[in-house]
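Now for the letters of each chain:
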Amino acid sequence: MGSLSLRDVVKSFGDVKVIHEVNFDIPDGSFTVFVGPSGCGKSTLLRMICGLEGVTSGDIAIDGTRVNDVAAARRGLAMVFQSYALYPHMTVYENMAFGLENIATPKAEIARRVAEAARMLKLEPYLQRKPTALSGGQRQRVAIGRAIVREPRIFLFDEPLSNLDAELRVGMRAELIDLHRRLKTTMIYVTHDQVEAMTMADTIVVLRAGRVEQVGPPLELYNRPANVFVAGFIGSPRMNLLEGRVHRSDAGGIVVELPGHGVFATAAQGGRQRPGDKVMLGIRPEHIRLEGDLNPLAGVVAGVEQLGGLSYVRLADPAVTVQLPGQTRLDFGTGVRLHLPPESIHLFDAEGLALRRTGDAA
Amino acid sequence: MGRFLTATRGLGRWDWTDWAAHLYLILGMLVMFGPVAWLGLSSLKSESGLQAFPPTLLPYEQSSVVVPGRGTLKLFRVVSGEHAGQELGELRRMGLQSQLVDPKAPDTIIRLKLEEREPVTRLRAAWENYSELFGKFNFFGYFWNSVFITAVATILTLLVNSMSAFALSKYRFSGRDAVFLLMLATLMIPPTIVLVPNYLIAATLGLTNSPWGVIWPAVATPTGVFLLRQYMLTLPDELIEAARMDNASEWRIYWRIILPLSAPALAVLAIFSVMWRWNEFLWPMVVLSRSESFTLPLALNAFQGELATQWNFLLAMTVVTLVPITLIFAVLQKHITQGIASAGVK
Amino acid sequence: MNPLAAFFAALMDLPERPMRWAQQRLSGGRLGWVFVGPNLAIFAIFTFLPIAIDFHYALTGGTQLLPADRPFVGTGNFSSLLACTDYLDANSCTRDLFWHGIWNTLRFVLFQVGLMLVFSLLTAVVLNGKIIGRGFFRAVFFYPVLLSPVVVALIWKWILQREGILNAWLTAAGQPTTNWLLDGSWAFFWSVFVSIWAHMGFYTLILLAGLQAIPAEINEASAMDATPPWRHFRRITLPLLMPSVLVVLVLGLIRAVQMFDEVYVLTGGGPGTATTFIVQYIYKTGFADQVRQYGLAAAASLLLAGVLLVLTLVQLKGMKRG
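Chains as they are written, first to last, in this note's numbering: chain W, 6 to 367; chain A, 57 to 402; chain E, 22 to 343.
Hints are computed from structural coordinates only; laboratory data are not their basis. From a predicted model like this one, the values you see are computed outputs, not experimental measurements. Ideal Cβ positions, reconstructed from N, Cα and C, are used throughout, including at glycine. Treat the hints with care, since some could be wrong.
What the hints assert, rightly or not - Below 20 Å or equal to it, Euclidean Cα-Cα: the simulated EDC-like pairs (lysine to aspartate or glutamate) are:
no.	chain 1	residue 1	chain 2	residue 2
1	W	112	W	129
2	W	135	A	294
3	A	192	A	74
4	A	130	A	172
5	W	112	E	34
6	A	390	A	348
To be verified - Partial list, derived from the structure: chain A residues whose beta carbon lies under 10 Å from chain E:
no.	residue
7	85
8	204
9	219
10	228
11	394
Bound-form chain W, shown alone (with noise of 0.2 Å):
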């Protein structure tokens, strides 16, 4: 059992208030990532749940039971900290069986659990190194194989694969996700890069400022996010943002006008939107069309990106990308003439709110 809630829950540090009455809930043997720039309040956030801060008000419970007041160590929880916080001076087998020692864990019973936890961890041959003497990949497993050991109720990472070199990052995600898969335990990941959350997750937590931004599965927030943040956090390269006024209003949806480029129709409804109210429009670079008759947008190529197996044409005057399957032969300074297909397009309001769109789910 390891289920999570989160009530009206509040930190603030003197005046400040880092987190903003923040609620959700994530159920028992769920993959669950906090994402956010840097300075949203995640890891505050996963420090409140396994408590190492205190919460100011609100509640945090863990299977139902309130915990703001249990110590840390007694949550039943496990934490991998950024830096790992391996103990230097212990081997790694004595760092995976420092904690269950303190809870005088028979002796028998503290070995069978090292060697089970470094079995599935590959760390068999380095059971009786000090970590000074391990690459940061087996680091990294050491600290996530101390986690497993306590067979904690939930798991915590706090930006775990920060340290590792991009390569070594993708092949440690792989291994998450498969140990997730036969331990079958709920994990709370906390990181500042959207691929890893996408590509993680079963449920995202997009986190802004101590706020909660949205909750909800990958493709979920990829396909329809509900405000401008999580449109432009979530998704690389990054959605095109385009500021505009809405130019009508019917029952085919809103049309939208990008001064100085044309009008636009889009999927979008909105009641209560007038004509020459603000908007933003948004679309995501692939959804980007070079044939087609619907919504035309002419530019000159500013810059092309050549990746092999797909391009990113920029344009400069509107800032949009286009993302490109295969090979282009566009070059710097081609006219191009876009087309944005209307089921594609996100429309946001004043307030940076997404407006429906027909097609969506209520």
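Use these hints to put chains A and E onto chain W, whose structure you have.
Just chains A and E now, with coordinates in the frame of chain W:
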């Protein structure tokens, strides 16, 4: 002089400043280490060897010869006169005359003026200066007092100071900064100033003439707290959080995580503490008045008055006092100099 | 695990239970008080309490050790210490030994600190250069710092005695010999010399660390500007080394004002009063004289403490500026 600063290493050209620098250092070495070497050499001389003027560099001792019927005689070489070159044993001195015999012809007494003969000497280290120390005086007692005080005070210093440094570096509690400042302030209170009242306190607590009278006041050192605190501040807080998540009690975090990781700073403090306690003089002199509770420096000080004529034992005892510190220094030279340079305290 | 480590581990586990008990009762960081407790208690008993008692002693007279048995004399001890017809002439004072101590200490501080600064600076600069066996020489100059003051004194007493090696050399060189420690001026000279010998290594080390903290680029830039060596020392090295020099100066002053052990064993304060310093006066008055005048000793201590306090404040001020 400033040229030394700009000299680029490894150019391989020596100019006069380099020669002057090395000359200065070699001269300095003679002044700094020469006296200690001279003490060491002198301590191996016999009592009579020490009285020779001018003194010899190495420990020589007058040879003697066993002459049948005459006993053991001191051996002299004749430098002038009809017996020049012969080696004779001296029977007795009478005024400016000396009566000697040839060991091969013990029946003929030869009379010579004192300046006509010179002692026959041979190189011999008088190790008995050292071996007799243990028999003649309560030397082992002094040595043990010094070792006991140094060892126990150092262990307690490490324990008490590191506990306090742990709290001052890793806990937040109201009054923490005040406590730290208060401890630092004691740096400014030299022990000489509280000599009289400390004696009263030691007497009240029954600590006079006991090694604990030297140990207890020495256990809390502002230097140690400061040194350890600064080091512990560099240990990541995540380690402590990880240990808390690992169900470790605060005491266990202190001694299983923080203490081992502070080993470098503890080593520096241990070296300081050993040096302080082994060499301490004024406070032990005040608090230890009975000779059986004396430490080595006190014993040395007492004997230099009483044993004014017995320099051979005094010198040997001095050497024994400096040897342990010297050995520690020889082994840990780098740590000591770096530790002191970084701490800037003594 | 070896038996010693196991024994140590078992020993250190002993406070586990009481500490857990305390931990459960003290929330937040208040457990910190338990950790600083022993240290604070010792400071309280052997440092803070004595300062309070010092004042009591200084204001009371008699020869009794127990505070309750001592009659109140007000500022009697201070006025007795300070009673002079001519402050420049120690012999005109009631407590002439105290004043000899003060004047001797002043002279000693002036010569000892000044000369020691010069020599340790010279040595540090030399050691910071292109030197073969730098570590060895650094160790040699530092070695006497570790020696017990009594050992230091005896080493030099042996060299300076009437039939010692120094006089032997002078004889060999055809020079007149002196009984060094029985001549007032020479005894004072050797007190200064021996204390410099014993302590300069420590200050050399601080200055050397200061020199090594000067970035190599600065020296290289100066070399590129073809700065003459002496000018480089005056205009670049010395200003950048000033914080270290200040530390050396003040630490040296604080030490020199309290000079006792080496000189006490070397000369016993003599001949006459030639090498009697202020701390020796305190020791002698409080502990070595037939009649132990704790009040006078405590009053003299407080006067000394005042001087040291001023020196420390100067140090703090200088450090802040550095």
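- Query: Given the hinted pair residue 112/W and residue 129/W, is their alpha-carbon gap at most 20 Å?
  - Reply: holds, 18 Å
- Going straight from one Cα to the other, do residue 390/A and residue 348/A come out at no more than 20 Å? Measuring from Cα to Cα gives roughly 36 Å; hence the hint is violated.
- Decide if the proposed pair is consistent with the structure: residue 130/A and residue 172/A, CA atoms, cutoff 20 Å inclusive. OK: residue 130/A and residue 172/A at ~15 Å, within 20 Å.
- Distance restraint between residue 135/W and residue 294/A, which requires alpha-carbon spacing of 20 Å or less: Distance ~18 Å between residue 135/W and residue 294/A Cα, so the pair holds.
- Message: Under 10 Å is the threshold here; is the Cβ of residue 394/A close enough to any Cβ of chain E for the hint to stand?
- Response: holds, 9 Å
- Item | Evaluation of the interface hint that places residue 204/A against chain E, nearest CB under 10 Å | violated, 16 Å
- Query: Is the hint on residue 85/A kept, meaning its closest Cβ partner in chain E is under 10 Å away?
  - Reply: With Cβ-Cβ at 5 Å, under 10 Å, it holds.
- Message: Need the status of pair residue 112/W, residue 34/E: alpha-carbon distance at most 20 Å?
- Response: holds, 18 Å
- Query: Going straight from one Cα to the other, do residue 192/A and residue 74/A come out at no more than 20 Å?
  - Reply: Outside the cut-off at roughly 52 Å; violated.
- Task: Mind checking the CB of residue 219/A against every CB in chain E and telling me if the closest is under 10 Å?
- Result: Status holds, d = 5 Å.
- Going by Cβ atoms only, is residue 228/A closer than 10 Å to chain E? Holds - the Cβ of residue 228/A comes within 10 Å of chain E, reaching about 4 Å at its closest.
Violated hints, in rising order: 3, 6 and 8; the structure is consistent with all others.
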